[in-house]
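Colleague: For reference, the chains in residue letters:
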Amino acid sequence: MKVFSMIFASIMLTINVEAKTIQLTMQHMEQPPSRVEAMQVVVDKFNAKYPQYRMKQNVVGWGEAYSRVTAQVEAGVGVDLQQAIPAFFTAIRRTGGVQPATGVFNKVAKEVKFIEAYVDQYRADDEIWAIPAFGMLELLMYNKKHFEEAGISHPPKTTEEVLAAAKKLTIPSKGQYGFALPASDTLAGTQSIYTWMGAFGGKKIFDDNCRPTVNNPHNIKAYTFLKELAKYSPPDIGAYAWAEVEGALVSGKASMITFKNAFMNSWINNSGLGASDLGAAPIPVPSDGSGERFSLSYSNAFMVMTDDPEKQEGLAKFMAFWLKPKIYGEWLGTSEPGLFLPVTENAETNRIMFSAPVLSQFKKQHQMSLDEAPYTGMYGFMQNNYCPTVGQFEGQNFTAKAMEKMIIEDISPKEAVEYLEELMLNVN
Amino acid sequence: MSQQDFKSRDSKLGLFLVLPPVLLVILVVILPILSGVQISFTSQRVVGSEYEMVGLKNYLDLFGDKNFIASLGRSAVWVLANGFFQTFVALLIALLINQPFKGQNFARTWIILPWAVPAAVTAILWRWMFDATSGIINTSMMGLGMIEKPALFLANPEIAGISLTFVNSWRYVPFLTIIFLASLASVPEEEYEAARVDGAGVWLQFKSITIPNLLPTLTVLGLVGTLWASNVFDIIWMMTRGGPGVSTTTVPVLMYDTAFYGYNISKASAGAIIFLFILIIFALVFIILNRRQFIMANETFKDLSK
Numbered sequence: 036m037k038v039f040s041m042i043f044a045s046i047m048l049t050i051n052v053e054a055k056t057i058q059l060t061m062q063h064m065e066q067p068p069s070r071v072e073a074m075q076v077v078v079d080k081f082n083a084k085y086p087q088y089r090m091k092q093n094v095v096g097w098g099e100a101y102s103r104v105t106a107q108v109e110a111g112v113g114v115d116l117q118q119a120i121p122a123f124f125t126a127i128r129r130t131g132g133v134q135p136a137t138g139v140f141n142k143v144a145k146e147v148k149f150i151e152a153y154v155d156q157y158r159a160d161d162e163i164w165a166i167p168a169f170g171m172l173e174l175l176m177y178n179k180k181h182f183e184e185a186g187i188s189h190p191p192k193t194t195e196e197v198l199a200a201a202k203k204l205t206i207p208s209k210g211q212y213g214f215a216l217p218a219s220d221t222l223a224g225t226q227s228i229y230t231w232m233g234a235f236g237g238k239k240i241f242d243d244n245c246r247p248t249v250n251n252p253h254n255i256k257a258y259t260f261l262k263e264l265a266k267y268s269p270p271d272i273g274a275y276a277w278a279e280v281e282g283a284l285v286s287g288k289a290s291m292i293t294f295k296n297a298f299m300n301s302w303i304n305n306s307g308l309g310a311s312d313l314g315a316a317p318i319p320v321p322s323d324g325s326g327e328r329f330s331l332s333y334s335n336a337f338m339v340m341t342d343d344p345e346k347q348e349g350l351a352k353f354m355a356f357w358l359k360p361k362i363y364g365e366w367l368g369t370s371e372p373g374l375f376l377p378v379t380e381n382a383e384t385n386r387i388m389f390s391a392p393v394l395s396q397f398k399k400q401h402q403m404s405l406d407e408a409p410y411t412g413m414y415g416f417m418q419n420n421y422c423p424t425v426g427q428f429e430g431q432n433f434t435a436k437a438m439e440k441m442i443i444e445d446i447s448p449k450e451a452v453e454y455l456e457e458l459m460l461n462v463n
Numbered sequence: 058m059s060q061q062d063f064k065s066r067d068s069k070l071g072l073f074l075v076l077p078p079v080l081l082v083i084l085v086v087i088l089p090i091l092s093g094v095q096i097s098f099t100s101q102r103v104v105g106s107e108y109e110m111v112g113l114k115n116y117l118d119l120f121g122d123k124n125f126i127a128s129l130g131r132s133a134v135w136v137l138a139n140g141f142f143q144t145f146v147a148l149l150i151a152l153l154i155n156q157p158f159k160g161q162n163f164a165r166t167w168i169i170l171p172w173a174v175p176a177a178v179t180a181i182l183w184r185w186m187f188d189a190t191s192g193i194i195n196t197s198m199m200g201l202g203m204i205e206k207p208a209l210f211l212a213n214p215e216i217a218g219i220s221l222t223f224v225n226s227w228r229y230v231p232f233l234t235i236i237f238l239a240s241l242a243s244v245p246e247e248e249y250e251a252a253r254v255d256g257a258g259v260w261l262q263f264k265s266i267t268i269p270n271l272l273p274t275l276t277v278l279g280l281v282g283t284l285w286a287s288n289v290f291d292i293i294w295m296m297t298r299g300g301p302g303v304s305t306t307t308v309p310v311l312m313y314d315t316a317f318y319g320y321n322i323s324k325a326s327a328g329a330i331i332f333l334f335i336l337i338i339f340a341l342v343f344i345i346l347n348r349r350q351f352i353m354a355n356e357t358f359k360d361l362s363k
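Here the protein sequences come in this chain order: R and W.
The first sequence maps to residues 36 to 463 in the numbering used here.
The second sequence maps to residues 58 to 363 in the numbering used here.
Isolated chain W (complex conformation) (with noise of 0.2 Å):
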């Protein structure tokens, strides 16, 4: 058999293997995005009601719409915020935890916990904690002096963004802590003892040598973390259902209203395909900008998984 028979087997096979996930990701992904590409051109109030092609006057409407402009601000300062925070504290902790101390098995094991908890119980649980009255942040905090009134985290429309940015960030800190632990595997001891010897401090190190090995990595995690983050909706909606007022109204649960509980699944479809638009928009202008991090990043996962 010559080498081009065996190339020209091996790409049948390779067509064949990957065909069943493009034929789902088709049937899961594409045709529902058409679908509501389809929709989003109708005047359709509920699913499956009677409707005409009104062409492009729900796009027109929503940009027209202050509800839904101020939406896409409040989701890109969700994202922004959600981005910065958890990445400084899961890097601060994937940094502690990968110094040598005792319990650093356990430590690396079970941080990984809040990551598996149920976006419902973990809605639950800080909806309880945060209580003006009987929750355990406010009473602990005025038993201590700290405050006199209790603090209104989720009804005061000026810090309930910030709650559930920390409660988003508690569920996600850890799984991001688990990704730089593995970049930080990757690390050559030999370039810190080097620096060592060279006389670098902790500070220099983690400068010169962490940071740019762990920059591949960064990428990668803010491309995810930002198409992650802005379309977080259970945890926004189970807390606040987008209140107080508009307050935490990011796109995702102002379309979830419109459609749901507006009744107008068509001008949803199109501020959903709007919203599609910007994330693929920022994918491919991110990816671009940064394409040899992606290259390299590429790389040290290969090197891990070998």
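So here's chain R without its partners, still in its complex pose (with noise of 0.2 Å):
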């Protein structure tokens, strides 16, 4: 009786422990494998800690990433947590599927000081609706060795200098070409070319009122900029995406890219060149003065998709435990190093995050990239509020398809900024 009783209570009390378990899904779209065991070591821990919590992680590629979320909440089978860009925001945001998280958002930032600039793409409506995980922007990334051996002896810091030194670079019986710029119907196309449209002083794409105000100078002088550097470029940068303009650098195709920090671990093992050759610099600007320091930014947030309320407790006492120091510098420094940046100000994150064993050796590329964090901006969040048709600008990739037909076409840049405002008022 005595053994039966004992079994009964502890039965009792797995139940009980199974009852107070709350299961959490959080889902994100960085797919690679060294991203995804980065975070199953983040949700591990935080699994521990919090016993009363399961966190899991699912993971979707960027390519079905809307088809899959929209179709989740269309099922009510939605998670928890759903990563999210700015524009991949304001599609799902229509769905009705994502709640206000500044409840979350408040609780998370009495543990952790949040950089304003990556919180400010998510205000709209008096609400904040994601809370941000890690930034990206994008930097002017160089061959310091075709650098030396052309005998340039400093990063381009105008865009006059940068194509004299892309001309300069650019030896096609080498199969070696100054600048690899994506001119394709892509997101890579679509970063790289706002990042030089800012550069030039053209970042906000809408009014106050959300209407296009693209057709401007400073965007028709970006675009001669660009066609002019499309004749540094390899010959198919037509069909050019991320992994082309990263190989073309990495291979020695290319010595300039506009990117992201995004490939240290693909230059130690590909490129036969060391650390201290991949060069790092500012989006430079033109002499004339008519632009700004100014590069891409992305603040990669998660949006709270459960109104659940003990659910949405977990959830801020997973992303608090997330970016404290300690876990947080760890997980940038192994996830994807360079690529992902802070979005916390704290001193003891950078430190953790820069004795990475990768990214210990690119501390001056990576520093670079926290130095020009204050100096950037999103399409679309730029005026009072979002305008809903960023989304379009961006899913559809408006400024490289402008790009696009200036190449193809050879029209003028003053036709293809022309072309791409009548592509941003044509969404209905």
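It is possible that part of the hints are untrue.
Once the Cα atoms are required to be at most 30 Å apart in a straight line, the calculated DSBU-like pairs of lysine-lysine come out as [claimed, not checked]:
hint	chain 1	residue 1	chain 2	residue 2
1	R	K440	W	K123
2	R	K449	W	K123
3	W	K206	R	K266
4	R	K180	R	K398
5	W	K123	R	K262
6	R	K239	R	K148
FRET-style restraints, in silico, Cβ to Cβ [unchecked claim]:
hint	chain 1	residue 1	chain 2	residue 2	range
7	R	D243	W	V85	44 to 50 Å
8	W	K206	R	K202	15 to 21 Å
9	W	G112	R	R89	44 to 50 Å
10	R	S322	W	L170	56 to 62 Å
11	R	K148	W	E107	35 to 41 Å
12	R	R386	W	K206	48 to 54 Å
13	R	I446	W	M110	38 to 44 Å
14	W	L91	R	S102	16 to 22 Å
15	W	S68	R	S102	40 to 46 Å
16	R	S102	W	M186	29 to 35 Å
17	W	N288	R	I446	29 to 35 Å
18	W	K206	R	E183	27 to 33 Å
19	R	S447	W	N124	19 to 25 Å
20	W	F290	R	K266	30 to 36 Å
Calculated directly from the structure, the hints in this document are not laboratory data.
Using N, Cα and C, we set each Cβ at its ideal position, and we do this for glycine too.
Need the complex rebuilt from these two chains, each delivered in its own frame; the hints are there to steer you.
Modeller: Now the structure itself:
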């Protein structure tokens, strides 16, 4: 009888513990194995520290993210925490499946200090709609060896210097080109081209009434520059996306690219060069002072999809746990060294991040990303409220389409910019 | 038990056996199409968002949309180019492999290999081979002095479609070859012997015996191949995403882009329904015009399965 009672009690205890465990699911689009592995480390540590919660990560590709998430919301089987970038958030918000995250954010903000620029991209209608997790921005990345061989002593600071260097570095007989510009209808094209638009002073693509404002002298100058730069790029840049651009610099086919600091592992393993041979510089600006120090920056954040208060409490705990210096610093240093930038202001986080094996070799390049963070912005999020059509602007790669048309049909930069504005106006 | 009882029991059994696949078709084909039709009459931007009924607006917009009309034209060119090229090459290979030679069995077995390669692998493989500066095709051609400047297989709007047709054909030709080989096996050898006795040459034998015997198969492939080619999306999307410009934007590519990157699911649904309607009309007309060939093809496949 005593044994029976003990068994019964332990069963009841197990049931009780099970009943108290709150299942949480986060879904992200960081598919490469190293990123999934690093995220799992965070999840496992969280589950160990907070046994009342059971966090699980779910991974989908960016290519299928939109269809997957909308279908999940429609079917009522959505996840609790969903990764977003600003334009993606605007699209998913339309489904009605995104909950205001101000409450969760405030709880997390009590534990960590966020960099405001990363939060701003998710402010709308007096609410915060996602909790920032990591940032990304574009830099001018270059092959220092190529520069030395060509007798170029420093990275270009002006757009005129970019063209001069690209011309000098283009040696088709060696299979070497000055710049690898992604002139394709892809997100890689969109990001690279917009970065240059911003550097030329054309970062604001809508006015406060969300009317497109891209047809302006700044952008005509930017497209003029890009058309010239395309001459010093590999001939098939019309088919270049991220992989090709990165591959071009790593393989020595191109001497310069605008890119996120995302390929440190690849540089070490495949370029045949050392960490010190990879240069990183701010995006150059026109010498006449008409532009501004600028780069595209993405605030990658997590939207709260559940309206269950208990789950929201768990999500706040998870985000605060993840963004604590030790866990966050280690995650930033190992997940994709160099690509992910901290969204919190904390010296300890940065110290741990920089002590990671790969990042410790690329301190200068990564520090450049951190230094440029204040001079960044995101298309469609620079006016009073975000403009809903920014989803199409990004999704259908309007800037890249205009660039592609300019190169293929050999239209003038002015016509390309007019076409860009026409595309934006035609979104209905 | 009377003969009528047997018939009645057979028909009940038949119904019972056919019910699961019919239900499956309703569930995974008919219902999604009906859902697409319903969405096409709304103003829905993303799945699950609020919308209003807008009647035929999406359809009327599409008929006035020069991008959509152009994509229909490109789809037609894509289907014709793939159809003719694949049929010609597959038939040629089938005729060659059908001749007795050492290694015939090996060739018959391994020719299917490209068909088995996943589309994603095919796309990556050919993207690399087509690369302007480090791709094996350009470096070989330049090394042999055949060209001075690299050919922009995927970055030149004038040849990107041809490159994609080639890659798509590389995938599908092996399958068609196998079908042709099966058909060739059903041609009675006596007919060739009689023709040879009468002094008919190779060309006359091909024209008067091979082609008429292959006609039913060609007809079936004409229909199935058109429908397949019309719906090809994976290779195009992965290799060019419809570019450069819009040079390889066929209807499926445009509709996918409109739905998932232009956030306009209702307009994309309307486009898909129009395209479906065009394909159904094509299929019906094709079947009516080639009724006799379809009946013969049915007989041929029955013979082959015996």
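Colleague: Next, verify each hint and record whether it holds.
Modeller: Here is what the structure says about each hint:
1. Between K440(R) and K123(W) the alpha-carbon distance is near 16 Å, which keeps this suggested pair within the 30 Å criterion.
2. A hinted pair counts as satisfied when its Cα atoms are at most 30 Å apart, and K449(R) with K123(W) qualifies at roughly 23 Å.
3. Among the hinted pairs, K206(W) with K266(R) is consistent with the structure: their alpha-carbon atoms are about 14 Å apart, no more than 30 Å.
4. Between the alpha carbons of K180(R) and K398(R) the distance comes to roughly 18 Å, so the proposed pair stays at or under 30 Å and holds.
5. At most 30 Å may separate the alpha-carbon atoms for a hinted pair to count; K123(W) and K262(R) meet this at roughly 27 Å.
6. Restraint check for K239(R) and K148(R): satisfied, since their Cα atoms lie roughly 28 Å apart, inside the 30 Å limit.
7. Range check, D243(R) to V85(W): about 48 Å between beta-carbon atoms, so the 44 to 50 Å window is met.
8. For the pair K206(W) and K202(R), the beta carbons lie near 18 Å from each other, so the given range of 15 to 21 Å is met.
9. At roughly 48 Å, the beta carbons of G112(W) and R89(R) sit within the given window of 44 to 50 Å.
10. A hinted range of 56 to 62 Å for the beta carbons of S322(R) and L170(W) is consistent with their spacing of about 57 Å.
11. About 38 Å separates the C-beta atoms of K148(R) and E107(W), a value consistent with the hinted range of 35 to 41 Å.
12. In this structure the hint that R386(R) and K206(W) lie 48 to 54 Å apart at CB holds, the actual value being about 51 Å.
13. Checked against the given bound of 38 to 44 Å, the beta carbons of I446(R) and M110(W), roughly 40 Å apart, stay inside it.
14. Checked against the hint of 16 to 22 Å, the pair L91(W) and S102(R) passes, with Cβ atoms roughly 19 Å apart.
15. Look at S68(W) against S102(R): about 43 Å separates their beta carbons, and that is inside 40 to 46 Å.
16. Hint check: S102(R) to M186(W), Cβ distance near 30 Å, so the stated range 29 to 35 Å holds.
17. Range check, N288(W) to I446(R): about 33 Å between beta-carbon atoms, so the 29 to 35 Å window is met.
18. At roughly 29 Å, the beta-carbon separation of K206(W) and E183(R) lies within the given 27 to 33 Å, and the hint holds.
19. One distance hint, 19 to 25 Å for the beta-carbon pair S447(R) and N124(W), holds here, with the actual separation near 22 Å.
20. Distance hint check for F290(W) and K266(R): the Cβ-Cβ separation is about 34 Å, which falls inside the suggested range of 30 to 36 Å.
Hint compliance for this structure: every hint is met.
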